[in-house]
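Student: So the sequences go chain by chain: F and Z. The working numbering puts the first residue of the first sequence at 1, with every later residue one more than the last. The working numbering puts the first residue of the second sequence at 1, with every later residue one more than the last.
Hint data in this document are derived by calculation from the structure and do not stem from the laboratory. A few of these clues could be false.
Stretches of chain Z that chain F covers, calculated by requiring three or more beta carbons in the stretch to come under 8 Å of a beta carbon on chain F [stated by the list, open to error]:
(1) 20-30
(2) 113-127
Taking beta-carbon pairs under 10 Å as the criterion, some of the chain F residues facing chain Z (in silico) [stated by the list, open to error]:
(3) G86
(4) D91
(5) F101
(6) A149
(7) K186
(8) K188
So the derived label-pair ranges between C-beta atoms look like this [unchecked claim]:
(9) F/P172 - Z/V47: 52 to 60 Å
(10) Z/P28 - F/P172: 42 to 50 Å
(11) F/P172 - Z/P29: 39 to 47 Å
Glycine residues also receive a C-beta, built at the ideal position from the N, C-alpha and C atoms.
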Amino acid sequence: MIQVRDLWKSFGGNQVLKGITLSIPRGQTYVVLGGSGSGKTVLMKHVIGLFRPDRGTVTVNGVQITGLEGKALTEARRVFGMVFQGAALFDSMTVYDNVAFPLRERGHSPTPELVREKVLAKLKVVDLGDEVLERFPAELSGGMRKRVALARALVSDPQVVLYDEPTTGLDPITTDYVDGMIVAAKQKLGVTSMVISHDVASAFKVADRLAVLYDGRLAAEGTPAEVKASTDPYVQRYLSTWFQKQ
Amino acid sequence: MRRLQAALEDFGGMIFFAFEAVAWAFRPPFRPWLILTQMAFIGAGSVFIVGVTGTFSGMVLALQGNYAMKQFAAEGYVGGSVALALARELAPVLTALMVTGRAGSAIATELGTMRVTEQIDAMDSMAVNPIQYLVVPRVIAALLMFPALTMVFNLLGYLGAYVMGIYVARIPVGPFIEHTRTFLVTGDIGHGLLKAVLFGLVVAVITCWRGYSATGGSRGVGEGTTRAVVSSSIGILVVDYALTLFSVGT
Ligand SMILES: Nc1ncnc2c1ncn2[C@@H]1O[C@H](COP(=O)(O)OP(=O)(O)OP(=O)(O)O)[C@@H](O)[C@H]1O
Ligand SMILES: [Mg+2]
Numbered sequence: 001m002i003q004v005r006d007l008w009k010s011f012g013g014n015q016v017l018k019g020i021t022l023s024i025p026r027g028q029t030y031v032v033l034g035g036s037g038s039g040k041t042v043l044m045k046h047v048i049g050l051f052r053p054d055r056g057t058v059t060v061n062g063v064q065i066t067g068l069e070g071k072a073l074t075e076a077r078r079v080f081g082m083v084f085q086g087a088a089l090f091d092s093m094t095v096y097d098n099v100a101f102p103l104r105e106r107g108h109s110p111t112p113e114l115v116r117e118k119v120l121a122k123l124k125v126v127d128l129g130d131e132v133l134e135r136f137p138a139e140l141s142g143g144m145r146k147r148v149a150l151a152r153a154l155v156s157d158p159q160v161v162l163y164d165e166p167t168t169g170l171d172p173i174t175t176d177y178v179d180g181m182i183v184a185a186k187q188k189l190g191v192t193s194m195v196i197s198h199d200v201a202s203a204f205k206v207a208d209r210l211a212v213l214y215d216g217r218l219a220a221e222g223t224p225a226e227v228k229a230s231t232d233p234y235v236q237r238y239l240s241t242w243f244q245k246q
Numbered sequence: 001m002r003r004l005q006a007a008l009e010d011f012g013g014m015i016f017f018a019f020e021a022v023a024w025a026f027r028p029p030f031r032p033w034l035i036l037t038q039m040a041f042i043g044a045g046s047v048f049i050v051g052v053t054g055t056f057s058g059m060v061l062a063l064q065g066n067y068a069m070k071q072f073a074a075e076g077y078v079g080g081s082v083a084l085a086l087a088r089e090l091a092p093v094l095t096a097l098m099v100t101g102r103a104g105s106a107i108a109t110e111l112g113t114m115r116v117t118e119q120i121d122a123m124d125s126m127a128v129n130p131i132q133y134l135v136v137p138r139v140i141a142a143l144l145m146f147p148a149l150t151m152v153f154n155l156l157g158y159l160g161a162y163v164m165g166i167y168v169a170r171i172p173v174g175p176f177i178e179h180t181r182t183f184l185v186t187g188d189i190g191h192g193l194l195k196a197v198l199f200g201l202v203v204a205v206i207t208c209w210r211g212y213s214a215t216g217g218s219r220g221v222g223e224g225t226t227r228a229v230v231s232s233s234i235g236i237l238v239v240d241y242a243l244t245l246f247s248v249g250t
């Protein structure tokens, strides 16, 4: 479903990605771990074509995203939903209009009833009720904003969902709930997911495959068992903080 | 040298951006509601400031014109010359400058904030083209509202000149109107409105581009807004000069 081949990216003199290669089979959940500033978000933004690589390619569903621009790129993004690390809600729109946005603005106009039904259903999934519908993003807590962003990313039932730290800033119960959502989307709808996480516990819970990004490369990559068994010193240190608690 | 290269790249980016906006303007979905919202913001929201500027400009022009022409006992020409100056020059230019300060800066700030808070990226990620959704309605609204506001300026400016000329400077009504009729032809108003359309294009493209290409957090947005207003104002004056030269020659 998603193939990333030999991806390189630098900003000015800052070499962020140094040859990333990974592939995500259809219907699987792929988790990217790594320290703050290691380039996880940059990697994810390449997958949806928000950044252009210096070298290398990204292919989604057989379409080479890295070669597209303009209308073709916009069209190719229809298969995606993305949750941004900072939620990135439209601050001039209410919660309702934010979540309804992908349904209304993609060219085929569904009836208002259908939009309402889908929006309310998705907000309910992230445990938000009627009382937030007419609020603006500035009037929500950080965790609520994150959940609205989740609802917005999922409302058009995309085939591929990119989650940039979907659970950072959420309480443990909601975190567990969101993890459950990712798994349910995979099992019920066959959704392919790429998840960036700082939470090792939930990473191992939802992942079919994992990667640990360090110094612009994948320090480890594979099934949870393979990554756990990695002998890479950085990976061991990264994971030990959590496994010690077990 | 580096700065020159950066400036040229930025300019090239803006030209490309303008062509992209044109291309997206002709593709569905069309969003009339967004165009109307922007027309209300750029147009209706600027009527007051443009009206005030127009009225005062007309009043001042009438007094100054009267002061100058009195020396040749030619006060009767005040009405005509004010109308001509307004229609061909002052109405389009001053309107554009006022609207840049009021609406242009707001456009640059709004789009810049959306850029640095990843709202534009989010829109992209939802397969909604931000140039089509955010830029096209603003450009179309500016193309329509700049000439409309210029007409407001014209009318109120002439009214101001009339009141000052007739009631304060005591110029006889007959020649005042008569010379306006002979001086001012429809082509003069058309010339001013053509300028207004081009100013609208220049201002909308520059301010949208400054917002759309903003980087560096709230400080970057602030700097982008300042640059947007400065370059729009210069753009207005340069386009005005070029069109005037083209139209009347040397
Ligand atoms: N638009 C940009 N322009 C310049 N540099 C950037 C840009 N985006 C990211 N970077 C740089 O790329 C590097 C990786 O950033 P990235 O946001 O991918 O980190 P991350 O792994 O997502 O970190 P975190 O876990 O804190 O979110 C950082 O050094 C950052 O400064
Ligand atoms: Mg990040």
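Student: Now tell me, hint by hint, if it's right for this structure.
Tutor: To see whether the hints hold, each was checked on the structure:
Evaluation of the coverage hint for the segment 20-30 of chain Z: fulfilled, as 5 residues show C-beta separations to chain F shorter than 8 Å, against a requirement of three. With a cut-off of 8 Å between beta carbons, the segment 113-127 of chain Z has 12 residues touching chain F; three or more are needed, and the interface restraint holds. The interface hint given for F/G86 is met, as the beta carbon of that residue sits about 6 Å from the closest beta carbon of chain Z, less than 10 Å. Against a cut-off of 10 Å between C-beta atoms, the interface hint on F/D91 holds, since the closest Cβ of chain Z lies about 7 Å away.
Given the 10 Å rule on beta carbons, the hint for F/F101 holds: about 6 Å separates it from the nearest Cβ of chain Z. The beta carbon of F/A149 comes within 8 Å of a beta carbon in chain Z, closer than 10 Å, and the hint placing it at the interface holds. The closest approach between the C-beta of F/K186 and any C-beta of chain Z is roughly 20 Å, which is over the 10 Å cut-off, so the hint fails. The interface hint given for F/K188 is violated, since its Cβ lies 22 Å from the closest Cβ of chain Z, which is over the 10 Å cut-off.
Between F/P172 and Z/V47 the Cβ separation comes to about 55 Å, which falls inside the hinted range of 52 to 60 Å. Distance hint check for Z/P28 and F/P172: the Cβ-Cβ separation is about 46 Å, which falls inside the suggested range of 42 to 50 Å. For F/P172 paired with Z/P29, a C-beta distance near 42 Å keeps the hint of 39 to 47 Å intact.
Hints 7 and 8 from the list above are not met by this structure, while the remaining hints are.
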